[in-house]
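K.L.:
Sequence:
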Amino acid sequence: MWQPEVSGSIEIDRPVDEVFDFVVDERNEPLYNPTMTASAKITPGPIGVGTRFAATVTSFRHGTSMVVEFTGVDRPHRIESTTNLEGMLIVGGMTFEAVPAGTRMSWRWQLRPTGALRLLKPLMALLGQRNERRIWTGLKEHLESRTPTQAAS
13 MWQPEVSGSI EIDRPVDEVF DFVVDERNEP LYNPTMTASA KITPGPIGVG TRFAATVTSF
73 RHGTSMVVEF TGVDRPHRIE STTNLEGMLI VGGMTFEAVP AGTRMSWRWQ LRPTGALRLL
133 KPLMALLGQR NERRIWTGLK EHLESRTPTQ AAS
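Numbering (my numbering), first residue to last: 13 to 165.
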């Protein structure tokens, strides 16, 4: 059965280690994603496979809780995850590649709606594509606006 997919890439003028380390800590996402109002690490220990984050996103004035679990982590090259939220499971990951301009970060997510949301599958890919582009452009702007001292802390 066909599932909507969202994918893309962006180049960020920062070293691959810096971009990866910032992104892998989901607690940073509210700094660059205006729809994410909170994110907390809910598992003990260092970030790696099995690490879970609880987050809240707001869309259409409605807060939605979600849990992100890392299913694969290969620093500084790859993060794979599953995200569970009301009516949907999102499975996929991100890759990080050193390029002359800094880092090329690519993403690919498969959207697996459940219940009534299955009726909206064709629209989900379009909205998801636009939303992911907006989120990662926010990351690019945030990281590129930091001074080297801020980036090291």
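FYI, nobody ran anything at the bench for these hints, they're computed from the structure.
Treat the hints with caution; some may be incorrect.
As the list claims (entries may be wrong) - Now the in silico label distances, taken between C-beta atoms and shown as ranges:
#1 R146 <-> E81: 36 to 46 Å
#2 A113 <-> A50: 31 to 41 Å
#3 D29 <-> R120: 30 to 40 Å
#4 G57 <-> E23: 13 to 23 Å
#5 D25 <-> L101: 16 to 26 Å
#6 T70 <-> A110: 33 to 43 Å
#7 R145 <-> G84: 35 to 45 Å
#8 E109 <-> T149: 11 to 21 Å
#9 T49 <-> P112: 33 to 43 Å
#10 E156 <-> T49: 21 to 31 Å
#11 H154 <-> P112: 19 to 29 Å
#12 D25 <-> V79: 31 to 41 Å
As the structure is a computational prediction, the values presented were derived from the model and not from experiment.
C-beta: ideal position from N, C-alpha, C; glycine also.
K.L.:
Checked against the structure, which of the hints given earlier come out wrong?
P.N.:
1, 3, 4, 5, 7
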